[in-house]
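S.K.: Chains as they are written, first to last, in this note's numbering: chain A, 1 to 305; chain B, 1001 to 1288.
No lab work stands behind these hints, which were simulated from the structure alone.
It should be emphasised that the depicted structure is a prediction, and the values quoted were computed from it without experimental measurement.
Here a beta-carbon is modelled for each residue, glycine too, at the ideal position from N, C-alpha and C.
Among the clues, some could well be false.
Partner residues aside, some chain A positions facing chain B, computed with beta carbon under 7 Å [unchecked claim]:
hint, residue
1, V19
2, G55
3, F141
4, P142
5, I148
6, V233
7, L236
8, L242
9, A261
10, Q263
11, M280
Covered, in the sense of this in silico footprint (three residues per stretch, anywhere, with C-beta under 8 Å from a C-beta of chain B), are these stretches of chain A [what the hints assert, rightly or not]:
hint, region
12, 90-100
13, 264-276
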Amino acid sequence: MLGYVASRLIYAILVVFGVSVAVFFLIRIGGDPSALFLPPEASLEDIAAFRTQMGFDRPIVVQYLDFLGRAVQGDFGQSLRYQQPAMQLVLERVPATLQLSAAALALSLLISIPLAILAATHRGSIFDRVGLVVSLIGQSFPTFWLAIMLILIFSEHLRMLPPSGRGTWAHLIMPAIALAAYSTAIITRLLRSSMIEVLQSDYVRTARGKGLSQGRVVFRHALRNAAIPTLTVIGLQVGALLGGAVITEEIFAYPGIGRLAIQAIANRDFTVVQAFVLFMAVLIVSINLLVDLSYGLLDPRLRKG
Amino acid sequence: MQGFLAFLRRFARSKLALFGLVIVAIVVFAAVFGRWLVPFDPFAQNILGRLKPPFSEARNGGIHLLGTEALGRDVFSRLVIGAQVSLLVGVASVALSSVVGITMGILAGYEDKYLGRILMGITDVQLAIPFLVLALAVVAVLGPSLFNLIMVLGLTNWVQYARVVRAECLVLREREYVQAARALGASTPRILFRHLLPNVMSSVIVISSLLVAKMILFESSLSFLGLGVPPSTPTWGAMIAEGRNYIANAWWVAAIPGFAIFITVIGINLVGDRLRDMLDPRLKQVEN
Chain A
1 MLGYVASRLI YAILVVFGVS VAVFFLIRIG GDPSALFLPP EASLEDIAAF RTQMGFDRPI
61 VVQYLDFLGR AVQGDFGQSL RYQQPAMQLV LERVPATLQL SAAALALSLL ISIPLAILAA
121 THRGSIFDRV GLVVSLIGQS FPTFWLAIML ILIFSEHLRM LPPSGRGTWA HLIMPAIALA
181 AYSTAIITRL LRSSMIEVLQ SDYVRTARGK GLSQGRVVFR HALRNAAIPT LTVIGLQVGA
241 LLGGAVITEE IFAYPGIGRL AIQAIANRDF TVVQAFVLFM AVLIVSINLL VDLSYGLLDP
301 RLRKG
Chain B
1001 MQGFLAFLRR FARSKLALFG LVIVAIVVFA AVFGRWLVPF DPFAQNILGR LKPPFSEARN
1061 GGIHLLGTEA LGRDVFSRLV IGAQVSLLVG VASVALSSVV GITMGILAGY EDKYLGRILM
1121 GITDVQLAIP FLVLALAVVA VLGPSLFNLI MVLGLTNWVQ YARVVRAECL VLREREYVQA
1181 ARALGASTPR ILFRHLLPNV MSSVIVISSL LVAKMILFES SLSFLGLGVP PSTPTWGAMI
1241 AEGRNYIANA WWVAAIPGFA IFITVIGINL VGDRLRDMLD PRLKQVEN
């Protein structure tokens, strides 16, 4: 088990390293970023001085190694706009985003788990139909449009909820709904089909044959095993889910890291974009690592690994 | 032809899938022939007739079926024209990512175990990047254009093809007919393209259909944020962004293009789900 954890950990670090390479070079794919920061009337000498000052005149591989060397020491560079450490700007806004994501995840689990169980145990019933409709509709909305429609209905017409900002629970309701729509659809769909598969397996028939109650069979035997493939796919989708948070935060003017990232892109503040992407990569990789390790809790056979 | 008709008849056994196919057909029709059929010039501004609600009368006696937007342009006509960009970006970026992904997947599955490992590594790196943000940053650097949009979407979404195709090739290359072809002296390219490629096509079709829907959603998000195609071209995402400012007194300007995206994506997803049920027997067992 310990060897397994160690090998997964090393692989996770390699993946984050790969992300740093990808981000560093992709952001510079358009060439030297100095033209974006200087006024168009800047003289050639000004440009040259700026490039030397920023280190843009060095070979790109050297620039990357320099960036990497600082990053492992926790220095991700200064924000080009705010004159503050880039990673500090990101970390300051993390609690807001975590609060929103947690609310959205709680909401989607609260809907999708009962719905998927009912749909799988009552095939062809009204629950099954509702489950199919939810999973189809939820992944066909553009998130930003759903957000705008929620504002139209609950803020403009009913005047029940604030359209933007952060502070009270009321501020959290609409962003959480907008963000939860996609994951609710995905989880309902996956959990339903893996529950159906598990419920047809031999050991479930055996459990039923022993005379176990329906509740015990469903929760004790089926749900645990159906959770494994579902968790895996949720882990793989975390990146997409957090991408949804970016656009949701932007629309509701919610002061999280997603809004920061969009503003940083608009300002061409690439050190902040880099810090944001690397922070997200570490988060996503850690979540997937936890998912991998949690299999052991769900399935004792995997503990030896 | 006979086989295709039989396939279509089997496909149509699901009424929902048929509904999806009809939606897709309408959107394709709008994108291809729409420019000759729209009731108004989608670019003609009319400041006096701005933000008119649906079904209001136009100056020249026509009807603005879906109202007008902030510059008095006909929403319905712009919606029809907007289908072009959505479909073009959806189909072109999927075509690009499928070519890259299939090539990588076949090579990694048949030839080289190192390539296979590298491929899996790239996949994990890509899954760890918040894609939307990276796409935004790259488009912001390169400048918004149709070509850049298709390149960015196409080159960041090929890993799913590569993973599935590689997994299938690992199984296929042990099959007798592939072994026989090799024993008869067939060249590697011949084995790859004549013997392996046709056998992974059904998975490719399923992935592609569902990916087109995703790409249309991505395109609309980027256009909404002003980083899609240049603003002179009407797109559904950009129409929502413009309408957002008038949401309090002219809801239709933002609501209608979003509904168009929603219906289009549902249609494509219904078709894709049905194709998966029909073409992928492993998933069929689970679903039915």
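S.K.: Identify every previously stated hint that the structure contradicts and give their numbers, smallest first.
M.R.: When the structure is compared with the hints, numbers 2, 6, 10, 12 turn out to be violated.
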